[in-house]
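**Q** Protein chains in written order, with my numbering: chain A, 1 to 377; chain B, 1 to 485.
Far from chain A, by Cβ distances over 10 Å, these chain B residues were calculated:
| id | residue |
| --- | --- |
| 1 | Glu23 |
| 2 | Glu29 |
| 3 | Glu42 |
| 4 | Asp43 |
| 5 | Gln76 |
| 6 | Arg138 |
| 7 | Glu204 |
| 8 | Lys253 |
| 9 | Ala321 |
| 10 | Glu324 |
| 11 | Glu396 |
| 12 | Pro450 |
| 13 | Asp462 |
| 14 | Phe480 |
With a cut-off of at most 20 Å between alpha-carbon atoms, the simulated EDC-like pairs for lysine to aspartate or glutamate come out as follows:
| id | chain 1 | residue 1 | chain 2 | residue 2 |
| --- | --- | --- | --- | --- |
| 15 | B | Lys117 | B | Asp72 |
| 16 | A | Lys51 | B | Glu353 |
| 17 | A | Lys58 | B | Glu353 |
| 18 | A | Lys58 | B | Asp368 |
| 19 | B | Lys334 | A | Glu312 |
| 20 | B | Lys334 | A | Glu309 |
| 21 | A | Lys224 | A | Asp132 |
| 22 | A | Lys79 | B | Glu353 |
Keep in mind the hints are simulated off the structure, nothing from the lab. Built from N, CA and C at the ideal position, the CB exists for glycine as well.
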Amino acid sequence: MRENSTKITNEILQFIDQHNLNLDKAEYEDDYNRLALELFQYQFQTNLPYKKFCQARKKTPLTVKHWEHIPPMPIQVFKHLPLSCEPIQEAQAVFMTSGTTNPDAKGKNYHPVLSVSDASMKGPFKQFVLPDCDRMTIFVLSPAEDLNKHSSLSRYLTNAVTYYGTDKSRFFFTEHGLNVDELIQAIRACEAEQEPVMLMGATFAYVHILDYMKERGLQFHLPKGSRIFDTGGFKGQSREVEMDQLYGLFSEQFHVDRNRIINMYGMTELSSQIYDQTIQSSCLNGTAIHDKKGPSWVKTLVLNTDTLEPVEDGAAGVLAHYDLANWNSCLAILTEDMGYKTEHGFVLLGRIQGSEARGCSIAVDQLLQSNLGGVQR
Amino acid sequence: MSITVEVKVYRTPITIELKEREEIIECGESTFVMKYPIISGEDMKNIASLVKFNRSAYLASMPIAQIVEKIDLAVQKWLNPDYALRRLAEKLVPVVTGYDEEMVRLEVKRYIRTFRKKELLRFLDEEFDQPAMLDEFRPRKTGGMSRAFGPESIFHVFSGNVPGVQIWSLIMGLLVKSAAIGKTSMSEPLLPVLFAQSLAEVDERLAETIAILPWKGGTNELEEPAIEESEVVIVYGSQDTVEKVKEKVPNGKRVLSYGHKISFAMVGREALTPDHYYESIHKLTEDISVYDQQSCLTPQSVYVEEGGAISPKQFAQMLAAEMERYHKKKPRAKLSDEEAMSIQRFRNQYQLEALNNRPISVYFSSMDTSWTVIFHEEAGFAGTPLNRSIHVFSTESLEDAAAAIKPYQQFLQSCGLAVSPNRLFILADLLGSYGVNRISTIGEMNRAKPGWHHDGGFNLLDLVRIMDIERNVEQELERFDPDVE
Numbered sequence: 001m002r003e004n005s006t007k008i009t010n011e012i013l014q015f016i017d018q019h020n021l022n023l024d025k026a027e028y029e030d031d032y033n034r035l036a037l038e039l040f041q042y043q044f045q046t047n048l049p050y051k052k053f054c055q056a057r058k059k060t061p062l063t064v065k066h067w068e069h070i071p072p073m074p075i076q077v078f079k080h081l082p083l084s085c086e087p088i089q090e091a092q093a094v095f096m097t098s099g100t101t102n103p104d105a106k107g108k109n110y111h112p113v114l115s116v117s118d119a120s121m122k123g124p125f126k127q128f129v130l131p132d133c134d135r136m137t138i139f140v141l142s143p144a145e146d147l148n149k150h151s152s153l154s155r156y157l158t159n160a161v162t163y164y165g166t167d168k169s170r171f172f173f174t175e176h177g178l179n180v181d182e183l184i185q186a187i188r189a190c191e192a193e194q195e196p197v198m199l200m201g202a203t204f205a206y207v208h209i210l211d212y213m214k215e216r217g218l219q220f221h222l223p224k225g226s227r228i229f230d231t232g233g234f235k236g237q238s239r240e241v242e243m244d245q246l247y248g249l250f251s252e253q254f255h256v257d258r259n260r261i262i263n264m265y266g267m268t269e270l271s272s273q274i275y276d277q278t279i280q281s282s283c284l285n286g287t288a289i290h291d292k293k294g295p296s297w298v299k300t301l302v303l304n305t306d307t308l309e310p311v312e313d314g315a316a317g318v319l320a321h322y323d324l325a326n327w328n329s330c331l332a333i334l335t336e337d338m339g340y341k342t343e344h345g346f347v348l349l350g351r352i353q354g355s356e357a358r359g360c361s362i363a364v365d366q367l368l369q370s371n372l373g374g375v376q377r
Numbered sequence: 001m002s003i004t005v006e007v008k009v010y011r012t013p014i015t016i017e018l019k020e021r022e023e024i025i026e027c028g029e030s031t032f033v034m035k036y037p038i039i040s041g042e043d044m045k046n047i048a049s050l051v052k053f054n055r056s057a058y059l060a061s062m063p064i065a066q067i068v069e070k071i072d073l074a075v076q077k078w079l080n081p082d083y084a085l086r087r088l089a090e091k092l093v094p095v096v097t098g099y100d101e102e103m104v105r106l107e108v109k110r111y112i113r114t115f116r117k118k119e120l121l122r123f124l125d126e127e128f129d130q131p132a133m134l135d136e137f138r139p140r141k142t143g144g145m146s147r148a149f150g151p152e153s154i155f156h157v158f159s160g161n162v163p164g165v166q167i168w169s170l171i172m173g174l175l176v177k178s179a180a181i182g183k184t185s186m187s188e189p190l191l192p193v194l195f196a197q198s199l200a201e202v203d204e205r206l207a208e209t210i211a212i213l214p215w216k217g218g219t220n221e222l223e224e225p226a227i228e229e230s231e232v233v234i235v236y237g238s239q240d241t242v243e244k245v246k247e248k249v250p251n252g253k254r255v256l257s258y259g260h261k262i263s264f265a266m267v268g269r270e271a272l273t274p275d276h277y278y279e280s281i282h283k284l285t286e287d288i289s290v291y292d293q294q295s296c297l298t299p300q301s302v303y304v305e306e307g308g309a310i311s312p313k314q315f316a317q318m319l320a321a322e323m324e325r326y327h328k329k330k331p332r333a334k335l336s337d338e339e340a341m342s343i344q345r346f347r348n349q350y351q352l353e354a355l356n357n358r359p360i361s362v363y364f365s366s367m368d369t370s371w372t373v374i375f376h377e378e379a380g381f382a383g384t385p386l387n388r389s390i391h392v393f394s395t396e397s398l399e400d401a402a403a404a405i406k407p408y409q410q411f412l413q414s415c416g417l418a419v420s421p422n423r424l425f426i427l428a429d430l431l432g433s434y435g436v437n438r439i440s441t442i443g444e445m446n447r448a449k450p451g452w453h454h455d456g457g458f459n460l461l462d463l464v465r466i467m468d469i470e471r472n473v474e475q476e477l478e479r480f481d482p483d484v485e
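All chains should be built: construct the whole structure from the sequences, respecting the hints.
**A** Structure (structure tokens):
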């Protein structure tokens, strides 16, 4: 790694260490701003496509004086350009987005070292997912790192088990897919021994399991302290409704306390995770705050879709995340997720869909679709 | 002083009573209470059979000349700037659709003018050798007699919110003496209702053959009876909408569909001389900006030829400046988050290609999504997310650039053309063979002329059945005249 890369990653690690619990408010804002601007300058200098992107917007380290003015890179760009400060051939890991089989159309986030993203995962996981215990039996429903080395989620899940899992923790996703039978047996064993367990996996993995249980008339009474962790959510616009329904089913089918269900919001294009605060807040003071929040090195802005300027507090807009741990690509990214800010964090509304024309003129989305054979079917 | 006005956004024959729900629109000092109907399948059946009954009792036997007169009287009302319904439309349509007030005022007026009596006569003459054949059997030049029968009833499925287009469809139905059920889109349900109201002011019985109702597309309970009771279905909308409606129509029933289309413009070097280039840019901006590019007649790509007084790139830059000026005068509608983000993505995509050293330049309104110009050094063809976004392609010769449109044949509509006269037919032949069905001047792309061939087809002729009496029949039957020698 370059010398200045080592320097900046050390500073970020130090920030993470120092502000993990976000205690000193006044100092924190200044520290965040200073490091964000330093990181912006570093990325501007070493990430050429990002530099051009910023220049096209007339934003440079000379003109940007506050982190909110750092131009966020749209996530679609991660699909088409290598966004990396360090040479990409030397990356320790390349995480790719899912959803398409064409590797050229996958978003890629290069990690020259994993130490920063690992450190970014470790503290907040404890804070948001396991505030009340040190280790827990974790049953993982999605592929582990060895099965999918290009998945940031797989790395995350493997880390979770390494840092916080008991010896009984297991991965139930094999090269043949999810082994539901063994998972069910293992959950039954936990039930019998009254040992708390945490299920972890992508949201859609649970849909599969719930279907399986429904077909066979199965139900569980997870031992006290058990929890269910899901991530990814549904991509539709009625996200809130669908998640509510899913969590209702979790309570019904697993008899798990609603306050022990947690959703993590993560993206390949980021190096940190954002969580709902259900478990944390219910452990701390018995309230249930479902709003999402990141660690202190991640800030989220809600932007007006028309101007890409911040909206008034409480208004809906498209989310932009500023993640200091994302040191090698772009610390600021523009998502395609809608949300709004609340007193405690933000609420995620769901993915913005492609738009259809209001009138009779054919819009580009439809035209592309038809060229791909979408119209003929 | 605040005034409250109730506005029904639907119309049925007067004996039909529907439950209503209200939506309140505040507009300056007035409060509008918009009354939306709550319709059941049963209601729909009643409405459909009633308009058919009213049609056979009245409209079916009305001479075409009289129908034209009556439509003209309604049109005359709308050409009066002080006409109450026109003023209501000018106030409400901008609020409902978000389009600029001045733009709506101008475009609605221009549009209604295309339905004056002389234009309707043109329209009829364009397609029928003798429009009187809609009234009675008329002799044919080749011998025998023919008469045109319009459908008993037409179900119109209107699309989106280019205000007024629905009126054209309703007038076509009247000209072929059909009852009408019009399904309006929730985004612009108003103008057809107001126009039908004007017809009622002229001739109440005539308006009793028309029902106009807004509902959410895909509501089977309403669409099935509407299709069942109609002889012809006309559907406007996206490929998807058209397909979905077609699926519901039983085999053998006639469906005319007008799917979404794409148009473009070509500016030759002759229109880029020092005395012409500004006008070309100015008019093109108008074509792009009217109704925020929602009409299928509006350009999404422009080919600009090299060799003029300004280069294609300068053209793109000046077009950008003109788009900004236009936006200041007639601001674009506020967009949904989906639409706005689709423009952001569009800009990102081409900025990205520019970053990748592709010969592309991107110009856009810096503060928001109100306009976007993408300049391409190389010829090609592409669509845009609309709402005032446009591609400018540089080309050495328009004749060469035309080949780029060929793969899009099924979607092509109009070409706005500015070249020297001697190139008109060369280009028209070429574009016609690639699927374009209309050439207009620049600045008039959104204003199709009366009697045009919509999407390359006929309008009235496609709606009627022609019945022939062969020429020897009349002679043969003479034998059966009891008085024959």
